[in-house]
Amino acid sequence: MTIGDHLHVFHRLPVHPFPGPDERRDLPEPDGYAWRVSVDVYETEEEWTAAFARFLETVDTTRVRALVVGAWGEAYDSDSGPVIESLLAARDRLPALRAVFLGDMVMEESEISWIQQTDVTPLLTGFPDLAELGVRGGSDLLFPALRHTGLRRLTIEAGGLPAEVVRGVGASDLPALEHLDLWLGTPDYGGDSQVADLEPVLSGDRLPRLRHLALRNSEIQDAVAAAVASAPVVARLETLDLSMGVLTDEGAAALLGGQPLTHLKKLDLHHHYISEPLQDRIRQTLEPAGVEVDLDRGDADDDHGADRRYVAVGE
Amino acid sequence: MFPRHDDPGAHRTGTARFAVVGNPENRRVALFDRAVRAAGLPAPRVVPWAHVLRTGGAGFAGDELVRLDSPGENAEVDRLLRGAEDPTRVEGSGRWYASLMSALRGLRGGIRLDDTDELAVLFDKRRCHAVLAGADVPVPDSPTSGADAAPVRGWADVRALMREHRMPRLFVKPAHGSSASGVLAIESAGGGRIRATTSVELVPEGRLFNSLRVRRYHDERQIAAIVDTLAPDGLHLERWLPKGSQRGRAADLRVVVVAGRATHAVVRTSASPLTNLHLGGRRGDLDVARAAVESAGARWTDVLGVCERAAACFPRTLCVGVDLLPAVGWRRVAVGEVNAFGDLLPRLTGLPGSGAEGLDTYAAQVAAALARHTPPHHPHDQHHPHHPHENETGTAHALA
Chain H
1 MTIGDHLHVF
11 HRLPVHPFPG
21 PDERRDLPEP
31 DGYAWRVSVD
41 VYETEEEWTA
51 AFARFLETVD
61 TTRVRALVVG
71 AWGEAYDSDS
81 GPVIESLLAA
91 RDRLPALRAV
101 FLGDMVMEES
111 EISWIQQTDV
121 TPLLTGFPDL
131 AELGVRGGSD
141 LLFPALRHTG
151 LRRLTIEAGG
161 LPAEVVRGVG
171 ASDLPALEHL
181 DLWLGTPDYG
191 GDSQVADLEP
201 VLSGDRLPRL
211 RHLALRNSEI
221 QDAVAAAVAS
231 APVVARLETL
241 DLSMGVLTDE
251 GAAALLGGQP
261 LTHLKKLDLH
271 HHYISEPLQD
281 RIRQTLEPAG
291 VEVDLDRGDA
301 DDDHGADRRY
311 VAVGE
Chain F
1 MFPRHDDPGA
11 HRTGTARFAV
21 VGNPENRRVA
31 LFDRAVRAAG
41 LPAPRVVPWA
51 HVLRTGGAGF
61 AGDELVRLDS
71 PGENAEVDRL
81 LRGAEDPTRV
91 EGSGRWYASL
101 MSALRGLRGG
111 IRLDDTDELA
121 VLFDKRRCHA
131 VLAGADVPVP
141 DSPTSGADAA
151 PVRGWADVRA
161 LMREHRMPRL
171 FVKPAHGSSA
181 SGVLAIESAG
191 GGRIRATTSV
201 ELVPEGRLFN
211 SLRVRRYHDE
221 RQIAAIVDTL
231 APDGLHLERW
241 LPKGSQRGRA
251 ADLRVVVVAG
261 RATHAVVRTS
271 ASPLTNLHLG
281 GRRGDLDVAR
291 AAVESAGARW
301 TDVLGVCERA
311 AACFPRTLCV
321 GVDLLPAVGW
331 RRVAVGEVNA
341 FGDLLPRLTG
351 LPGSGAEGLD
361 TYAAQVAAAL
371 ARHTPPHHPH
381 DQHHPHHPHE
391 NETGTAHALA
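The listed protein sequences derive, respectively, from chains H and F. For the first sequence, the working numbering assigns the number 1 to the initial residue and increments by one for each residue that follows. For the second sequence, the working numbering assigns the number 1 to the initial residue and increments by one for each residue that follows.
Derived by calculation from the structure, the hints in this document are not laboratory data. Quick reminder that beta carbons are idealized off the backbone N, C-alpha and C, glycines included. Take the hints with a grain of salt, since some may be wrong.
[As the list claims (entries may be wrong)] Simulated restraints, written as ranges between beta carbons of each label pair:
| no. | chain 1 | residue 1 | chain 2 | residue 2 | range |
| --- | --- | --- | --- | --- | --- |
| 1 | F | 278 | H | 301 | 14 to 22 Å |
| 2 | H | 277 | F | 153 | 53 to 61 Å |
| 3 | H | 266 | F | 134 | 51 to 59 Å |
| 4 | H | 192 | F | 248 | 26 to 34 Å |
[What the hints assert, rightly or not] Residues from chain H that keep clear of chain F, each with C-beta distances beyond 10 Å, as calculated:
| no. | residue |
| --- | --- |
| 5 | 88 |
| 6 | 92 |
| 7 | 126 |
| 8 | 278 |
Please build the complete structure, drawing on both the sequences and the hints.
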């Protein structure tokens with residue numbers, strides 16, 4: 001699987017593409033949509049920064065609540081640095097901005113693991129009221145530990161998330177964070193984190209309000225599941241998401257043998273390599289307690305043996 | 001535009017007869033045979049490609065309407081065209097092209113529904129690209145077509161062109177290939193990072209096989225070995241236009257144009273950059289595609305118009321299949337390829353308003369061929385079949 005669709009909804013707002021320079025279209029209410037600012041990778045009519053300058057001139061940005069940054073050019077060869085600088089420079093003109101997604105590109109524009117990111121934390125320090133940050137792409141991504149009291153949702157999608165990033169997120173003070181979603185990926189694409197790197201997240205010490213935890217798309221999903229099975233943070237969760245990874249009977253057995261999960265509203269394990277008997281046991285254990293369990297196998301095809309098991313989104 | 005066999009106009013076609021050059025066992029021939037007989041005509045005379053190739057040609061009666069169909073999917077014909085013992089081998093498309101062109105020149109008489117000179121262009125992606133670009137049909141940039149076309153003798157030349165034309169993502173295609181055979185989707189970035197997505201399987205001795213599985217190569221030496229092996233057959237390079245998606249899969253359209261008019265269309269979607277159905281592509285939803293075009297502020301009729309303009313570059317060819325690439329966002333389109341034998345879309349009926357409603361691609365061609373080439377019987381009945389795009393698509397001269 002690869003990333004095939006742009007975001008349709010972000011920050012609970014429908015995404016509206018900001019028109020290109022040669023388009024004449026009526027613009028909707030600024031606060032009713034998440035605005036997607038993107039440039040054409042194929043026929044670059046303008047730099048991303050120029051498109052964003054046009055956005056600032058055209059739209060009443062004092063009412064803009066959410067921004068989706070799409071392709072900023074050939075993102076496999078140029079990083080998100082200038083994008084972040086532009087956003088920070090426009091801080092005063094974006095007083096209502098609460099949500100940013102950085103890198104909404106599909107495979108046809110750039111493979112996820114080829115998207116060149118950079119240190120994204122200036123967006124958080126520069127926008128203290130930001131409630132939601134999403135990032136796609138782990139190449140050269142940096143996330144040094146910080147404290148941010150407004151952030152409620154953090155998502156980092158990657159084919160391989162550097163251990164440094166995992167550690168930086170874990171060491172951050174995020175007292176308002178309710179939703180954390182990390183795609184750990186594979187070592188092939190720079191995902192070199194180990195379970196020990198997740199310990200600060202799993203202890204939950206700095207995440208008092210966490211309700212939704214996704215540690216997914218991992219090649220070591222079994223080990224992640226085993227660690228989650230005894231993790232203190234789980235007791236406060238409504239949703240646990242261990243989907244998209246190489247989760248086998250080993251990880252499933254660890255979950256079944258660990259702390260009770262019956263308090264969850266949802267357990268998402270889609271794209272997995274769990275055998276039928278263990279799937280049944282998971283359902284029998286959790287569904288009577290009212291837990292919604294997603295065991296959709298998706299394109300996780302287990303006919304080719306253990307060496308042909310993949311995460312859902314790699315390169 | 002397309003008289004049905006139950007139309008009064010069809011009676012004047014009572015004497016028409018068809019011949020088809022094809023592989024007799026192939027379902028394409030069976031589908032055409034069925035369409036001809038459904039029009040109330042005698043079954044078409046089938047002239048096997050194997051016969052044409054072995055004897056150096058074939059003759060047709062002056063009033064025979066002669067259709068050419070694909071020589072593909074027949075091991076013996078493939079051997080005669082390519083000289084390849086194994087039909088799954090990728091190499092030999094250069095010889096395939098030369099053999100086919102030579103065979104076409106040996107076809108004598110009849111009323112051809114295509115044209116040898118146009119086929120010579122259609123089966124050379126470099127020339128086809130140049131003709132389309134010259135007619136202002138939107139196409140992805142290509143450094144290998146047109147007057148200042150660059151020769152591509154191997155991977156080193158491809159690398160040089162990628163640099164000179166700032167083309168980090170591109171498709172490399174055998175100039176005379178079909179069905180994605182030998183096609184590589186190549187992406188590169190700084191630091192020497194490179195990947196090729198292709199159905200080509202490189203075996204240890206260096207030979208190339210078509211596989212039904214899409215493979216990824218990350219080792220530039222392997223990619224170079226594949227391209228170096230394909231290069232003597234001729235290569236066409238084009239910039240990778242990021243395609244729009246449908247339900248999370250990359251999408252393109254196959255639009256069949258019959259007698260100048262876009263009559264049939266399907267969406268193909270894929271999780272890989274190659275959308276061919278035998279490589280994991282699936283049929284998408286045409287209504288959703290149309291809605292995507294319109295919500296992007298473009299017009300669906302313009303999208304079909306691009307296909308008709310592409311087909312109009314080949315006015316003496318009754319039917320072509322246009323591969324249309326919607327750009328990300330669905331506001332712009334470009335023509336990827338124009339296929340002479342791009343009409344195999346069994347059971348698909350015509351687009352609303354196309355004049356081919358209720359007809360499959362074969363029935364639409366039979367009707368169009370009869371309308372073009374069968375003279376009316378009665379002077380008072382004399383009128384040209386007419387549609388609004390007649391002059392634009394350049395078909396008028398063929399109606400007389």
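To see whether the hints hold, each was checked on the structure:
no.: 1; hint: 278/F <-> 301/H: 14 to 22 Å; verdict: holds (19 Å)
no.: 2; hint: 277/H <-> 153/F: 53 to 61 Å; verdict: holds (58 Å)
no.: 3; hint: 266/H <-> 134/F: 51 to 59 Å; verdict: holds (58 Å)
no.: 4; hint: 192/H <-> 248/F: 26 to 34 Å; verdict: holds (28 Å)
no.: 5; hint: 88; verdict: holds (25 Å)
no.: 6; hint: 92; verdict: holds (30 Å)
no.: 7; hint: 126; verdict: holds (28 Å)
no.: 8; hint: 278; verdict: holds (28 Å)
The earlier numbered hints are all upheld by this structure, with none contradicted.
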